[in-house]
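Undergrad: Kindly generate the complete structure, drawing on both the sequences and the hints.
There are 2 protein chains.
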Amino acid sequence: MTDPRMQALDYVRRNRDRFLEELKDFLRIPSVSTDPAHRPDVEQAARWVAERLRAAGVDPVEILPTDGHPVVYGEARSPHPEAPTVLIYGHYDVQPPDPLDLWTSGPFEPRVQGENLYARGASDMKGQMMATIAAFEAVARSGPLPAHVKFLIEGEEEIGSPHLPAFLQAHRDRLACTVSLNPDSGMIAPDTPTITYGLRGLAYFELRVYGPSHDLHSGLYGGVVHNPAQALCELIAGMHDAEGRVTLPGFYDRVRPLTEEERAELARLPVDERFYLEQTGAPALWGEAGYTPVERIGARPTLEVNGLLSGFTGPGAKTVLPAEARAKISMRLVPDQDPEEVYQQLLRYLEERAPKTVRWEVIRMAGVRAVLTDRNHPAVQALRRALETVWGRPPVFKREGGTVPIVTQLKEMLGVESVLTGFGLPDDNLHAPNEKLHLPTWSRGLEALVHFFYNYGVT
Amino acid sequence: MTDPRMQALDYVRRNRDRFLEELKDFLRIPSVSTDPAHRPDVEQAARWVAERLRAAGVDPVEILPTDGHPVVYGEARSPHPEAPTVLIYGHYDVQPPDPLDLWTSGPFEPRVQGENLYARGASDMKGQMMATIAAFEAVARSGPLPAHVKFLIEGEEEIGSPHLPAFLQAHRDRLACTVSLNPDSGMIAPDTPTITYGLRGLAYFELRVYGPSHDLHSGLYGGVVHNPAQALCELIAGMHDAEGRVTLPGFYDRVRPLTEEERAELARLPVDERFYLEQTGAPALWGEAGYTPVERIGARPTLEVNGLLSGFTGPGAKTVLPAEARAKISMRLVPDQDPEEVYQQLLRYLEERAPKTVRWEVIRMAGVRAVLTDRNHPAVQALRRALETVWGRPPVFKREGGTVPIVTQLKEMLGVESVLTGFGLPDDNLHAPNEKLHLPTWSRGLEALVHFFYNYGVT
Chain A
495 MTDPRMQALD
505 YVRRNRDRFL
515 EELKDFLRIP
525 SVSTDPAHRP
535 DVEQAARWVA
545 ERLRAAGVDP
555 VEILPTDGHP
565 VVYGEARSPH
575 PEAPTVLIYG
585 HYDVQPPDPL
595 DLWTSGPFEP
605 RVQGENLYAR
615 GASDMKGQMM
625 ATIAAFEAVA
635 RSGPLPAHVK
645 FLIEGEEEIG
655 SPHLPAFLQA
665 HRDRLACTVS
675 LNPDSGMIAP
685 DTPTITYGLR
695 GLAYFELRVY
705 GPSHDLHSGL
715 YGGVVHNPAQ
725 ALCELIAGMH
735 DAEGRVTLPG
745 FYDRVRPLTE
755 EERAELARLP
765 VDERFYLEQT
775 GAPALWGEAG
785 YTPVERIGAR
795 PTLEVNGLLS
805 GFTGPGAKTV
815 LPAEARAKIS
825 MRLVPDQDPE
835 EVYQQLLRYL
845 EERAPKTVRW
855 EVIRMAGVRA
865 VLTDRNHPAV
875 QALRRALETV
885 WGRPPVFKRE
895 GGTVPIVTQL
905 KEMLGVESVL
915 TGFGLPDDNL
925 HAPNEKLHLP
935 TWSRGLEALV
945 HFFYNYGVT
Chain B
495 MTDPRMQALD
505 YVRRNRDRFL
515 EELKDFLRIP
525 SVSTDPAHRP
535 DVEQAARWVA
545 ERLRAAGVDP
555 VEILPTDGHP
565 VVYGEARSPH
575 PEAPTVLIYG
585 HYDVQPPDPL
595 DLWTSGPFEP
605 RVQGENLYAR
615 GASDMKGQMM
625 ATIAAFEAVA
635 RSGPLPAHVK
645 FLIEGEEEIG
655 SPHLPAFLQA
665 HRDRLACTVS
675 LNPDSGMIAP
685 DTPTITYGLR
695 GLAYFELRVY
705 GPSHDLHSGL
715 YGGVVHNPAQ
725 ALCELIAGMH
735 DAEGRVTLPG
745 FYDRVRPLTE
755 EERAELARLP
765 VDERFYLEQT
775 GAPALWGEAG
785 YTPVERIGAR
795 PTLEVNGLLS
805 GFTGPGAKTV
815 LPAEARAKIS
825 MRLVPDQDPE
835 EVYQQLLRYL
845 EERAPKTVRW
855 EVIRMAGVRA
865 VLTDRNHPAV
875 QALRRALETV
885 WGRPPVFKRE
895 GGTVPIVTQL
905 KEMLGVESVL
915 TGFGLPDDNL
925 HAPNEKLHLP
935 TWSRGLEALV
945 HFFYNYGVT
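Residue numbers (this note's numbering), protein chains in the order written: chain A, 495 to 953; chain B, 495 to 953.
Simulated from the structure, these hints should not be mistaken for laboratory data. Honestly, I wouldn't trust all of these hints.
Identical chains blur together in the list; that is why a pair holds if it fits in one copy or across any two.
Straight-line C-alpha distance at most 25 angstroms; calculated SDA-like pairs for lysine to any residue [what the hints assert, rightly or not]:
| # | residue 1 | residue 2 |
| --- | --- | --- |
| 1 | K518 | P927 |
| 2 | K518 | F769 |
| 3 | K905 | T579 |
| 4 | K850 | E789 |
Quantities reported herein were computed from a predicted structural model and do not represent experimental measurements.
TA: See below:
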């Protein structure tokens with residue numbers, strides 16, 4: 495057996511259980527980037543990735559500081575100077591595990607049950623990281639590398655990658671590459687390999703509404719001041735009209751209308767209303783009138799309330815008239831919306847609508863533009879063939895509702911296209927309790943990534 | 495010096511510092527009735543009150559169980575069989591201290607600064623309880639008691655006294671009395687002694703709105719399901735119209751219109767718009783159109799949001815589409831509204847307005863009718879003279895925005911009128927951080943209560 499591709503495929507199959515155990519070790523590190531209390535864990539996760547890359551044959555590997563959590567960077571050169579350079583992007587941080595009481599086992603105590611591995615980060619994206627490192631290791635141990643490979647593994651994706659733009663700027667020379675492979679996207683179904691060619695952007699805010707200067711007794715003062723929790727609700731309620739459209743002034747001005755061709759293509763995706771009802775468990779669907787669910791998620795902007803907090807929220811009753819109320823509010827953006835403009839639109843909405851009986855402020859927390867990638871790029875085609883080989887059917891191309899800031903930044907700052915894939919599934923409970931990874935799909939993903947290196951590189 | 499009244503006044507003056515130290519001991523017990531974790535503290539507070547009553551000469555004193563926190567009950571008989579019987583009501587429980595970070599010192603570490611004593615419960619109502627016990631002790635040590643006295647000190651006032659009606663029913667014979675003295679009300683200003691003759695009722699609910707069956711990634715699902723935090727805000731926003739009126743169907747049907755005479759009387763109270771702006775620190779006043787602030791608080795019903803909770807509320811950004819959202823919502827009621835009818839009105843509002851894209855439920859937490867007491871009762875007149883003697887000016891009569899369930903229950907179940915007074919001030923931060931008691935006013939209150947016993951009893 496001298497064909498390196500066959501050797502590498504054999505390698506991933508033989509070592510699959512070891513890779514799974516290593517993934518569990520990775521998942522035991524609670525690398526919650528948004529929580530300052532988890533800073534040591536985030537640093538430990540960076541060291542774990544660096545050591546794992548070294549063990550896979552990446553050399554050199556460095557942990558490079560940023561003004562936030564560090565970036566793990568590594569390089570492995572092919573003996574073929576003319577080979578393309580693949581920049582593998584990933585993130586070693588995870589979302590917070592709350593609400594903790596809804597997990598059936600500890601979020602950082604990985605547990606296999608049936609075909610699934612349960613843990614925070616199992617799907618998003620430590621499982622995808624482990625698959626990529628494993629595939630690289632298999633290729634590196636099975637013959638000459640078909641491509642130069644660079645790894646860029648950040649620790650702040652789940653908080654909007656605030657320090658990555660400065661990092662890309664500072665290291666742009668050594669990040670030079672032909673394409674970026676980004677396995678932080680997902681699949682539509684276990685039998686439907688998927689390549690994502692569009693991602694929504696994100697603008698994230700905290701809106702704080704202030705009423706009285708201190709909490710008041712609702713009996714002694716209820717009826718003379720505007721309750722800030724009520725005022726916040728009034729402002730949020732006004733952010734959508736009866737058709738489910740966002741009312742911020744100018745919000746849709748830059749939104750690219752969907753062409754008939756795009757609508758026809760999106761309609762071919764196997765995700766109908768029933769699919770979304772099953773995935774969400776909601777009593778009925780909801781959204782912007784005039785668009786199908788898959789259009790609303792992939793190609794239309796949205797505004798969501800991510801959190802509400804005011805007054806007394808413990809068990810029992812407290813008759814307080816709260817001094818303030820807070821909401822986390824974020825918008826998913828599509829081409830060609832601009833997060834800075836959306837911020838201005840939010841301010842204008844509040845200036846026009848907020849009553850003089852309360853004060854308010856807006857705190858900006860993240861801003862990323864949406865992106866569409868080139869579906870004809872040779873690396874995209876290499877991945878398409880790899881997925882078809884493993885699954886026995888061609889992948890579908892989809893526009894994704896989520897946001898991957900690095901894709902926008904690599905395109906805007908380095909002019910680099912990203913190939914977006916990944917082996918997570920819609921019911922993986924991303925960002926939610928009982929996150930899981932479907933292991934048979936993950937195992938196929940390992941093999942598909944091996945094929946990708948050989949399809950795209952020099953053999 | 496043989497006049498018992500003069501002896502008793504001298505007694506409270508000489509022992510005032512001791513009474514203050516005893517009050518501090520009482521305030522160190524964190525008797526938060528709504529929090530199950532504080533159950534032992536609530537029980538300790540009951541024992542403290544029982545021992546303090548015994549030390550004052552009350553005999554017998556019993557700690558009587560209820561299905562919730564116990565009632566401390568005691569009796570002291572006058573040698574004059576024909577003397578009236580005063581049932582002194584109080585509560586030894588306090589509101590939760592949250593938000594803790596806004597206290598400048600520990601809520602259960604009483605601290606005197608300037609003329610004020612700071613602690614949770616200092617004003618509401620451990621300070622008032624201590625004043626009443628101290629005045630009783632002074633009278634009891636200075637000669638024959640001018641009245642029979644009974645003490646009924648409960649531990650669940652701050653959670654709406656859920657078990658008091660059953661207690662009153664079970665013990666109605668021994669609670670028989672001529673009048674109830676209730677020092678859980680307050681004053682308008684340090685120089686304005688106050689008797690309260692009206693109290694608002696209360697209906698308290700938790701509204702829960704459910705959307706998807708689990709938290710979702712706002713990128714992957716934002717735009718296809720109705721965000722329950724948004725739906726909750728929409729429902730709350732609809733609960734008031736543009737004129738500040740509550741929109742629950744039928745909410746005002748039973749509200750007694752204010753007579754011109756009542757409006758004229760309320761207009762005489764020294765509480766104008768500036769007073770409420772200063773007390774609340776709000777940027778502007780707000781409320782039901784067509785009524786003055788004092789009318790809105792004393793004589794009109796209101797609906798307040800007491801708490802909001804949904805999704806991610808920690809530091810940082812989490813792009814969650816939450817599975818549920820909760821609000822604590824309460825209504826202050828006036829004669830002749832009925833809490834049970836208000837519950838039905840809330841349900842009808844939700845049935846009419848809640849969209850089919852979410853599910854909801856309402857949890858009932860408290861229900862108390864409003865009450866107006868007889869201003870010509872001999873005990874009210876005895877208190878009026880007592881306050882005038884100490885302050886050198888007659889008290890004002892006011893309608894209060896707060897709720898004291900026992901007043902309604904004593905009237906409805908035992909046919910007993912209550913005399914409502916107390917020595918707290920509007921800026922005491924009741925139910926809020928940095929609750930305080932104005933000590934010079936409290937000292938005057940001790941003396942006024944001594945006068946009350948002699949004015950009302952047999953001398």
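Undergrad: All hints are to be evaluated individually against the structure, with a verdict given for each.
TA: Okay, the hints, checked on the actual structure:
1. For a Cα distance limit of 25 angstroms, the shortest separation of K518 from P927 inside one copy, 17 angstroms, qualifies, whereas the shortest one across copies, 46 angstroms, does not.
2. For a Cα distance limit of 25 angstroms, the shortest separation of K518 from F769 qualifies neither inside one copy, at 30 angstroms, nor across copies, at 63 angstroms.
3. When the C-alpha separation of K905 and T579 is checked against a cutoff of 25 angstroms, the pair qualifies only within one copy, where the shortest distance is 16 angstroms, while the shortest distance between copies is 85 angstroms.
4. For the identical chains of this complex, K850 and E789 are inter-copy neighbours only, at 22 angstroms across copies versus 38 angstroms inside a copy, given an alpha-carbon limit of 25 angstroms.
Hint 2 from the earlier list is the only one contradicted by this structure; the remaining hints agree with it.
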